[in-house]
Amino acid sequence: MNGSETTLRARNVSRSFGTGATRTTAVAGVSLELRRGQFALLMGPSGSGKSTLLAMLSGLLRPDEGHVEVFGQHLWSLSEVERERFRRKHFGFIFQGFNLFPALTASQQVELVLRWGSALGRHESRRRANQILSRLGLADRADLRPAQLSGGEKQRVAIGRALVKQPAFVFADEPTSALDWKHGASVIELLTQATREQGTTVLVVSHDPRIEPYADQVFQLEDGRLTCKTALTPT
Amino acid sequence: MIGCRLGDDSLGAISELTSELRAKLTEPGTIVIDESELGRLGLTNGIDETVEIGGQRVRIVGLVRGLKGIAAPYVFCSVRTARPLLRMAENQTTFLLARCDNPKLADAAARRLKAYSDMSAYTAREFSLRSRMHWLTKTKAGIALGYTALLGLLVGGVVTSQTLYAATAASLREYAVLRALGIPRWRMSAMVLAQSFWVGLAGNLLAVGPAFFFAWVADVVGVKVMLPGWLLAASLGITMFMAMISGLAALRSLRLSEPAILLR
Chain A
1 MNGSETTLRA RNVSRSFGTG ATRTTAVAGV SLELRRGQFA LLMGPSGSGK STLLAMLSGL
61 LRPDEGHVEV FGQHLWSLSE VERERFRRKH FGFIFQGFNL FPALTASQQV ELVLRWGSAL
121 GRHESRRRAN QILSRLGLAD RADLRPAQLS GGEKQRVAIG RALVKQPAFV FADEPTSALD
181 WKHGASVIEL LTQATREQGT TVLVVSHDPR IEPYADQVFQ LEDGRLTCKT ALTPT
Chain B
1 MIGCRLGDDS LGAISELTSE LRAKLTEPGT IVIDESELGR LGLTNGIDET VEIGGQRVRI
61 VGLVRGLKGI AAPYVFCSVR TARPLLRMAE NQTTFLLARC DNPKLADAAA RRLKAYSDMS
121 AYTAREFSLR SRMHWLTKTK AGIALGYTAL LGLLVGGVVT SQTLYAATAA SLREYAVLRA
181 LGIPRWRMSA MVLAQSFWVG LAGNLLAVGP AFFFAWVADV VGVKVMLPGW LLAASLGITM
241 FMAMISGLAA LRSLRLSEPA ILLR
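Just so you know, the protein sequences line up as chains A and B, in that order.
For the record, in the first sequence the residue sitting at position 43 is 43 according to this note's numbering, with numbers rising by one throughout.
For the record, in the second sequence the residue sitting at position 164 is 164 according to this note's numbering, with numbers rising by one throughout.
To be clear, the hints were calculated from the coordinates, so they are not data collected in a lab.
The reader is advised that the hints may include incorrect statements.
[As the list claims (entries may be wrong)] In silico contact screen, one side only, chain B against chain A (beta carbon under 7 Å); selected entries:
(1) L41
(2) S171
(3) R173
(4) E174
(5) V177
(6) A180
(7) G182
(8) I183
(9) R187
(10) P259
(11) A260
(12) L262
(13) L263
C-beta atoms are modelled at their ideal positions from N, C-alpha and C, and glycine is treated no differently.
The whole structure should be built from the sequences, with the hints applied where relevant.
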């Protein structure tokens, strides 16, 4: 694994919402870089623009200014279909809620991403879904539906859904906020494990300081501006 | 009122009229009705009771089954009894039935007879279709039935559409995650349409049993309900079409599933 390879580069990224007197700037001129296999933490108080920045870096929200480059590709110069394909190939997402289909089993939630996203057959999708669920400690929960799973188990299914296609990036927006710390720590450990084993670049948005010790780098955002970049591990 | 010749070779013979009933109907002023009409006509026993038609008294000599009228009761009698009841002269009739020795020539024969300006001629199939279309489009019962079916279709369509819309809208966040993961929107649209298909199919399967049950119940109370294959196929087809259209209408909720809704 090449730990110093820059995989994502953002330059002067800005985004405002509203018009006229109600216009507010969510993110103002943020520049940052992410490296392969890095676990980066984006912190800041509520309303500081963390989620907006994550959305712009991950191709979900177009910035008003600036550009985002992933693997040398300008993300926002791609067409919508090309960007969708780019996300499908390289990006995994974990959001605050678990966002699992109530009628599908844990295995089916993960399979869906492979069958629809990677056009894999039913058998191969099932095999790989069960494989990742086993790695996440959910081997005996694969056939259960969300209502039968605990919060921690549901978030692990969501992680499985994000990791199953072995993406180069995982973007996680407050992945531990709905969990107690025991389960939250387990979620973070699974994500750091992905950085080590698969070379995945993980960007976690959170205001939970307990995640800091796990991070290679911490970005602090206040009022839409990056105030501090702390590299916690040598690169 | 159906007055027909009562001989064994009569073309217009009603198959439910047995030779015994036909023999009784040879007596002028006698009629046969469906047994299910007794209540409607205020009769108790039926046989040998006297009723009045157009101010003229007639006597019931027999009962049949399966010929219940939807609007008014059918009255079966001889041509001789029917004429005075319908106030027709001895040399008048409503229609004549004729049989071609070669059935293949029926169309040509009807066409030739149509050339006479003072008469209409139809083959059996044409006459049957004409009678059914008249009943469907010109009678209140037929029109009411048509509107009821249309209303049922509309209500079913709205209910199916709203149910599918609500089911899709309830999973907007889940669909938004898939959108974020780069799953094309058409995949999700296909899933909603697949759900519509299965809902339509399940609805059809659930309806087949009751349809035959109610046809049987109608038969028991004297109304013959026919469910030929083409009618069942058409009903199934229309229901599937309605379910798929409902699915298409439900797709509009998918437009709301943008990944941005997941960010707080």
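Which hints from the list above does the structure break, by number from lowest to highest?
-> Checked against the structure, the only hint that fails is number 1, while the rest are satisfied.
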